[in-house]
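S.K.: Those protein sequences? They're chains H and W, same order as listed.
For what it's worth, this note's numbering labels the leading residue of the first sequence as 136, then goes sequentially.
For what it's worth, this note's numbering labels the leading residue of the second sequence as 136, then goes sequentially.
Treat the hints with care, as some may be off.
Taking beta-carbon pairs under 8 Å as the criterion, some of the chain W residues facing chain H (in silico) [what the hints assert, rightly or not]:
| id | residue |
| --- | --- |
| 1 | W256 |
| 2 | R260 |
| 3 | A369 |
| 4 | P374 |
| 5 | L557 |
| 6 | G565 |
| 7 | Y588 |
| 8 | T611 |
Here are a few chain H residues that sit away from chain W, every Cβ distance over 12 Å (derived from the structure) [unchecked claim]:
| id | residue |
| --- | --- |
| 9 | D145 |
| 10 | E233 |
| 11 | S315 |
| 12 | A322 |
| 13 | S357 |
| 14 | A369 |
| 15 | G428 |
| 16 | Q433 |
| 17 | A468 |
| 18 | G482 |
| 19 | P494 |
| 20 | T522 |
Bear in mind the hints are in silico, worked out from the structure with no lab data behind them.
Heads up, the beta-carbon is just placed ideally off N, CA and C, and yes, glycines get one too.
Number of protein chains: 2
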Amino acid sequence: MSAAPVWSVDPRTGNPREQVAVEATAEEVDRVVRAGHAARDALADRAARAAFLRTAAELLEESGEHIIEAADAETALGPARLTGELARTAAQLRAFAEVVDEGAYLDVHIDHEDGSRTPPWPDLRRYKIPLGVVAVYAASNFPLAFSVPGGDTASALAAGCPVVVKAHPDHPATSELCASVLRRAAARTGLPEDVLTLVHGFEAGVELIRHPLVSAAGFTGSVRGGRALFDAAAARPAPIPFHGELGSLNPVVVTGTAAAERAGEIGTGLGGSMTLGVGQFCTKPGFVLVPEGAAGDQLLKTLTEAVSSTGSGVLLDHRMRDAFVTGVQERAALPDVGVPVTPGAGGEHTVSAGFLTVPAARLTAEGPHDALLEECFGPVTVIARYTSVDEIAAVLARLPGNLTATLHTATESPDPDAARLLPALTPLAGRILVNAWPTGVAVAPAQHHGGPYPATTSTSTSVGATAIERWLRPVTYQSTPETLLPPELREDNPLNLPRRVDGRRA
Amino acid sequence: MSAAPVWSVDPRTGNPREQVAVEATAEEVDRVVRAGHAARDALADRAARAAFLRTAAELLEESGEHIIEAADAETALGPARLTGELARTAAQLRAFAEVVDEGAYLDVHIDHEDGSRTPPWPDLRRYKIPLGVVAVYAASNFPLAFSVPGGDTASALAAGCPVVVKAHPDHPATSELCASVLRRAAARTGLPEDVLTLVHGFEAGVELIRHPLVSAAGFTGSVRGGRALFDAAAARPAPIPFHGELGSLNPVVVTGTAAAERAGEIGTGLGGSMTLGVGQFCTKPGFVLVPEGAAGDQLLKTLTEAVSSTGSGVLLDHRMRDAFVTGVQERAALPDVGVPVTPGAGGEHTVSAGFLTVPAARLTAEGPHDALLEECFGPVTVIARYTSVDEIAAVLARLPGNLTATLHTATESPDPDAARLLPALTPLAGRILVNAWPTGVAVAPAQHHGGPYPATTSTSTSVGATAIERWLRPVTYQSTPETLLPPELREDNPLNLPRRVDGRRA
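Chain H on its own, in the form it takes in the complex (with noise of 0.2 Å):
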């Protein structure tokens, strides 16, 4: 049998434009994991791993013009944006760098000797070390930043773990560009090159979650696929970590002062938002609760207009464009749902951007109308019009977990409604924003990407600093003489660690 092509297809169209590769067979995969995991010893140098991050934001920016012009044929997201998605991913790897090099994430801890404890304490000395190979599951709407060179592979190679990518079929010649980029920086930096490595298919995703030596996996992408992959992962004999990102309705609350007081500044910064990159962000806003009233009303007006200025666009492929223009006609056909701009196939390959409107108490209880509550891929989000803030709480009661959750509240007078909805917002995301729009998620270490299921399948972030905390475990040596310690938790410190001494900052 031979190996299924694997082709670089342009949304644009529908036609294909060349054959990249061929899907990985399970030798294949089998072969690319060993390698990975062959090459752990060499990534244990921190200098290296951060020189090589380092490395591979130089050479990814030096093939810039190169790997931008793959990915917007293949994806069609346009070379402005893609170029800010380059930067951003240099930025990056150069912040795990920074990271790696500062070693405050090796959480070293030191408690000495203590007679005096009953019973007595020993020597006890403990700090975070890589899980091995982790395998990496690419996004779709993301062919950098949360893709081949994105920030699921940077963490993870950061943390000292070997990284094998599953592309994604969405943009399988950018990510065989990034790809060998980030292989040449590897060989550049004195590293195997095999410390990452590509495969394609969904068989050979599948193989991946399987191995026995991949010992820990990052996700970003739909609900479903992300889902079968977390059961592989628990279902394995020996189970691992599964940090994936699935899917976030993102919901927005617009309270009645803030209506109010800008209801146009409101509604044309949700339709920017919603629309932004064809509404295929991971935190489009796609669920806002806005007043029954001459406000809202008036917010809704600016949105039509935002919204029916933005000219059609082209998703990611066809199977998506398929799936939102179905999406959209069940949610519209919905008893009581108003579509004031419809949202929907635009030309043969294009789709329109819209919007949905609901009576938020068609959502207070269980119904067809949950519908609604689901994401949906594209330019599309729902309003529902709350009539109080009771109804609020009850709809945002019946949420499911999210990336991000917004308050509109107002800015130029007392807002008696913002104090009882922020605390109602927390338990439903990992991002709580107020008068802003979570599109735009910054690389800063206190950004938390991720949320409560299905937003994430675990507590981690996906974005920021932090991130590499999901390829680590702890190890604590136990009275272990000076000589075979590693350097790491020598009593000398000498390589200039922060550390916690004793139950305190050093």
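Fit chain W to the given chain H structure using the hints.
M.R.: Showing chain W alone in chain H's frame:
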């Protein structure tokens, strides 16, 4: 249908002592979980939580005599051991009160708005919040320190999570006593008693892990029981973290140089460690690699003396006694297995300690001898005699994950094998010991009690300050006005918390 009675049983006779409670029905489980969920807002007060934990420690000590009497009657662990365990349990509650007071566990990160970044950073403030109701599955072998008032409960309450404990059937009376002490401590510090509730019964445990309002679980017990609950946690519509400690062989390697230097000391120490608490510690050294030859023979001679002089003991229940007797018989019947001191049935209700020997060469490839690489709960260990360091490495590579791994090396002369063996042991366990014994787990900040599966189902620890991390998730507030921020994240740091500001320690 009337509820099934829960009996306290005397393991010294096998006779029932008293009916303590009835098994919880599904309705009762639902009621206590909802009561816990309703109590979570009260638990959000950090100062109240710290006071509660300290009061719980105090009341536990006040009721110590009564609790130890009940625990001894149910477990036969003896007053001396139980007195120590109670002191440890109280100390653990106080240690978590200190963790709460210090607040470093909140992991506060603040990044101020920074327009110089590309794209610009908004104001981001992150800390950790409690997950919600935690289910704690109590251990058989620690009726206090890993049961109702134990580490899982203490760390979950410290995190701000209400707890529902599923009692272990080996000590229901002790569990009831401890639960009433904890509930009394809650009431005394102005918290609802339902921050901690207790249920009995196998079915109740299954209901608990499936309850939609249970948000995480802690477990200490067998691989079979723990894996079933892990699977149930993963199979939920919204999966939850399951931190289970399931089983551990706790391998020990004695180098040739170490055996030559102090065979007697090692043999005696091993005999003491493997029979401590009638071999019922999760850190019991269950597999020991000892060199062939005279020094190893000498080690076995002193081990024989130490084990032979150990009196017979009572295991926690008769089911465990049966499993121990069967387990050692099956292992002893394997070809080439020697039995210098026969472990097995002692008197009608007791067991006697012993150990088995096998050539390490029998364990370098898959086969029936793999039974010797599985934990056998009770006072038995397996001595594998090796002929080379390569043979040690080959056997170690075949071991499952462990809580501990121990190296005995020369202390008075250079040991050529130590530098090779320590890195071979590190991947196997969460705690690595040199020239010490793994039984005895200090409750210290640098402690790590966990390890690769099946030692633990996650990368977390169940002992030490960082055990609190299991019950928290991060949340980031973006662009949130000071008046709406939780006090933990306010600019002027009113709670005086340790934090990182703009990527640096403040």
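S.K.: With reference to the structure, classify each hint as holding or not holding.
M.R.: Going down the list of hints, with the structure as the test:
1. W256: For W256/W, the interface hint holds, since the closest Cβ of chain H sits about 4 Å away, which is under 8 Å.
2. R260: holds (6 Å)
3. A369: holds (4 Å)
4. P374: holds (6 Å)
5. L557: The hint holds - L557/W has a Cβ within 8 Å of chain H, the shortest such distance being about 5 Å.
6. G565: holds (6 Å)
7. Y588: Since the shortest Cβ distance to chain H is 4 Å, the answer is holds.
8. T611: The hint holds - T611/W has a Cβ within 8 Å of chain H, the shortest such distance being about 4 Å.
9. D145: holds (28 Å)
10. E233: violated (8 Å)
11. S315: holds (26 Å)
12. A322: The claim stands: A322/H keeps its Cβ more than 12 Å from every Cβ of chain W (closest is about 26 Å).
13. S357: Non-interface label on S357/H holds, nearest chain W Cβ at 16 Å vs cutoff 12 Å.
14. A369: violated (4 Å)
15. G428: Given that every Cβ of chain W is farther than 12 Å from that of G428/H, nearest at about 24 Å, it holds.
16. Q433: holds (23 Å)
17. A468: Per Cβ check, A468/H is outside 12 Å of chain W; nearest 26 Å; holds.
18. G482: holds (31 Å)
19. P494: holds (26 Å)
20. T522: T522/H clear of chain W: closest Cβ-Cβ about 24 Å, beyond 12 Å.
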